[in-house]
Amino acid sequence: MTTLYSDDAVAIIGVSFRLPQCSNWCELIDILADGRDCIRPIPESRVANTGQVLTGNEKEGGWLDEITGFDHRYFGIALSEAEYIDPRQRIGLQLATETIANAGYTLKELSNARTAVLVAAHGGPHPDLFQSLSVQGKANPFAFIGSLHAFSAGRIAYLLDLRGPVYAIDTGCSSFLVALHEARNKILTGEADFALVGGCELVLGTLPQRSENSGGLGVESTTDRCRPFDAMADGAGFGEGGGFVLLKRLSRAHQDNDVIHAVIRGSAINHDGGRSNGITAPSSVAQTEVITAAWHQAGVTATDIGYIEAHGTGTKIGDPIEVQGLIDTFATYEVQQEPCVISSVKSNFGHLSGMAGLAGLVRIIAQFRTGQIFPTAHFQQLNPLCRSTEELPIRVSSSCEPWPRQGQRPYCAGISGFGLSGTNVHLVVEEAPSTLRHKKYETNERLVLISAQTTQDLSTYLSAITNALSSTEASIDEVADILMLGREHFPYRWSCVASSVSHLVQQLTNHGSISLSSPLSSLSVGLIFDECSPIDIQLLMKRGETFPAFHRVIKQAENLCSRKAWTLRQRWIIWLLGHHAVLTAFGVTIDLLLAYGVGKLAAQVVDGGLEFVDALRLADEPATER
Numbered sequence: 003m004t005t006l007y008s009d010d011a012v013a014i015i016g017v018s019f020r021l022p023q024c025s026n027w028c029e030l031i032d033i034l035a036d037g038r039d040c041i042r043p044i045p046e047s048r049v050a051n052t053g054q055v056l057t058g059n060e061k062e063g064g065w066l067d068e069i070t071g072f073d074h075r076y077f078g079i080a081l082s083e084a085e086y087i088d089p090r091q092r093i094g095l096q097l098a099t100e101t102i103a104n105a106g107y108t109l110k111e112l113s114n115a116r117t118a119v120l121v122a123a124h125g126g127p128h129p130d131l132f133q134s135l136s137v138q139g140k141a142n143p144f145a146f147i148g149s150l151h152a153f154s155a156g157r158i159a160y161l162l163d164l165r166g167p168v169y170a171i172d173t174g175c176s177s178f179l180v181a182l183h184e185a186r187n188k189i190l191t192g193e194a195d196f197a198l199v200g201g202c203e204l205v206l207g208t209l210p211q212r213s214e215n216s217g218g219l220g221v222e223s224t225t226d227r228c229r230p231f232d233a234m235a236d237g238a239g240f241g242e243g244g245g246f247v248l249l250k251r252l253s254r255a256h257q258d259n260d261v262i263h264a265v266i267r268g269s270a271i272n273h274d275g276g277r278s279n280g281i282t283a284p285s286s287v288a289q290t291e292v293i294t295a296a297w298h299q300a301g302v303t304a305t306d307i308g309y310i311e312a313h314g315t316g317t318k319i320g321d322p323i324e325v326q327g328l329i330d331t332f333a334t335y336e337v338q339q340e341p342c343v344i345s346s347v348k349s350n351f352g353h354l355s356g357m358a359g360l361a362g363l364v365r366i367i368a369q370f371r372t373g374q375i376f377p378t379a380h381f382q383q384l385n386p387l388c389r390s391t392e393e394l395p396i397r398v399s400s401s402c403e404p405w406p407r408q409g410q411r412p413y414c415a416g417i418s419g420f421g422l423s424g425t426n427v428h429l430v431v432e433e434a435p436s437t438l439r440h441k442k443y444e445t446n447e448r449l450v451l452i453s454a455q456t457t458q459d460l461s462t463y464l465s466a467i468t469n470a471l472s473s474t475e476a477s478i479d480e481v482a483d484i485l486m487l488g489r490e491h492f493p494y495r496w497s498c499v500a501s502s503v504s505h506l507v508q509q510l511t512n513h514g515s516i517s518l519s520s521p522l523s524s525l526s527v528g529l530i531f532d533e534c535s536p537i538d539i540q541l542l543m544k545r546g547e548t549f550p551a552f553h554r555v556i557k558q559a560e561n562l563c564s565r566k567a568w569t570l571r572q573r574w575i576i577w578l579l580g581h582h583a584v585l586t587a588f589g590v591t592i593d594l595l596l597a598y599g600v601g602k603l604a605a606q607v608v609d610g611g612l613e614f615v616d617a618l619r620l621a622d623e624p625a626t627e628r
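Counting in the numbering used here, the sequence shown runs from 3 upward without gaps.
These are computed hints drawn from the structure, not numbers from a lab.
Just so you know, these numbers come straight off a predicted model, no measurement behind them.
No false leads were slipped in.
Pairs of lysine-lysine, DSS-like flavour, derived with a Cα cap of 25 Å:
1. Lys110 / Lys557
2. Lys557 / Lys544
3. Lys566 / Lys544
4. Lys557 / Lys602
5. Lys566 / Lys602
Take these sequences, add in the hints, and give me the full structure.
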């Protein structure tokens with residue numbers, strides 16, 4: 003397999019999702035471990051104030067409870083515009099923002115980097131918005147741009163000021179995984195430093211009605227449920243949901259001490275071409291080719307793959323073709339001792355159409371976290387049209403079971419997406435490398451800062467953080483760093499000093515009044531870069547262990563010249579620039595910078611008039627040559 007921190011691997015450093023009856027990792031793991039069916043009648047909250055009347059013949063599905071809540075003020079959007087934005091765009095914008103926060107980055111940090119935004123945008127325009135394109139005979143520009151798929155990506159980039167490659171992708175139900183493949187390539191080719199990938203799928207307009215048949219394409223379940231690989235399977239049931247992930251090159255994520263949820267080792271896409279019985283019919287040959295190509299690119303073989311999140315829609319013909327494609331894939335490798343387990347999260351949440359791959363990806367990450375392989379809901383007996391998997395290299399998961407490790411090697415999984423129009427994609431996803439992320443602070447007590455734009459938002463945020471911390475495994479150092487360094491800071495603030503997560507939860511539970519602080523922009527901050535003082539390597543390294551921003555400056559200096567060769571003046575420049583980076587990371591804007599002696603070189607680097615490498619070179623030249 004590929005070596006740890008290889009430069010041809012991409013890390014997932016941020017995740018956010020909303021799935022039926024599920025919006026966090028604890029709920030997700032409980033649902034998957036129980037093999038729970040989240041398909042249900044439409045919630046009353048979804049039809050309230052819509053003018054629609056329930057007939058009792060509506061399809062059941064993986065419904066989200068609420069899709070209208072949107073704080074337009076947070077994003078600086080006028081209410082007159084927000085009400086004409088497709089709910090898929092609104093939820094996508096919220097999830098993208100949550101993902102950046104989950105990764106511990108501020109919007110400014112991603113704005114200053116090359117950040118790509120790739121959105122899976124499948125499905126037609128919102129019927130109500132389409133009818134609102136003209137109001138009282140006049141064109142409605144808000145409804146026009148609010149309903150176009152291109153703006154599902156462009157709006158995120160515009161409002162969050164992200165300036166890398168930005169576009170929407172529609173390949174049917176393989177859209178998210180294709181977007182993930184494209185984003186991975188953007189990072190590996192250097193087109194982007196970060197990539198936001200995601201989207202949202204909703205059932206909008208007239209509620210879908212039950213039918214005695216399986217729809218015009220023969221893919222809809224008459225029972226409203228996906229039963230992947232099962233003898234009772236009769237088609238796909240629908241689900242709603244969305245999510246985003248934030249990607250970054252693995253080596254850089256490790257260097258910057260990011261939290262890594264999983265690693266994308268390889269990916270490939272292809273098309274069925276003319277090898278199927280129709281444009282909507284799958285091809286086992288094409289599926290074998292795309293899986294083999296992804297494995298080859300990732301540097302893995304069949305013995306490395308312990309689990310495959312299959313496309314698994316539960317159609318009578320699609321499932322047997324996918325099983326055959328997998329059997330043919332494994333046949334090209336040496337026979338492994340244990341069969342590879344396959345399943346599909348569609349059995350829990352339904353088919354999320356273009357976002358189906360997101361649900362499968364978070365399932366894989368949840369299995370990495372727990373060391374378990376979750377059951378396939380509804381699976382009892384193999385579809386008789388599938389080639390029997392007995393004595394073959396794959397089997398369908400039927401119960402929650404431990405995921406055995408191969409020595410000290412990380413878990414490795416595959417995930418497939420096969421679009422109805424013939425576009426196939428497969429990715430190889432690996433468990434995040436085990437690294438110690440603790441920082442060596444001089445005290446156990448940490449300042450915790452939480453802020454919002456209004457007192458009501460802050461109260462809501464405090465409650466949400468309290469609930470999230472009740473089940474976290476993070477340390478107080480990690481929690482404090484994320485809230486202090488990885489969040490935007492707003493006027494309404496609550497703070498405390500905590501020595502542990504439990505201590506923090508106790509104070510959050512009993513928090514008092516919320517006060518309005520003075521915005522930092524109203525203050526003037528000055529900084530002095532003075533003449534050289536003695537700084538040894540150990541002190542530099544200790545400061546780098548404490549502050550990630552300082553650590554990045556040290557790493558940059560190490561890339562320019564050997565640490566052992568650093569002179570006294572060079573160490574001083576690193577010291578000054580490191581502290582400037584820490585202040586910047588804390589959101590402090592320096593209004594005035596005074597410098598003299600060697601400090602002038604560091605000041606020129608901050609000002610952009612001198613490269614870091616030149617400052618280090620000039621530091622030891624005689625003053626007459628500077």
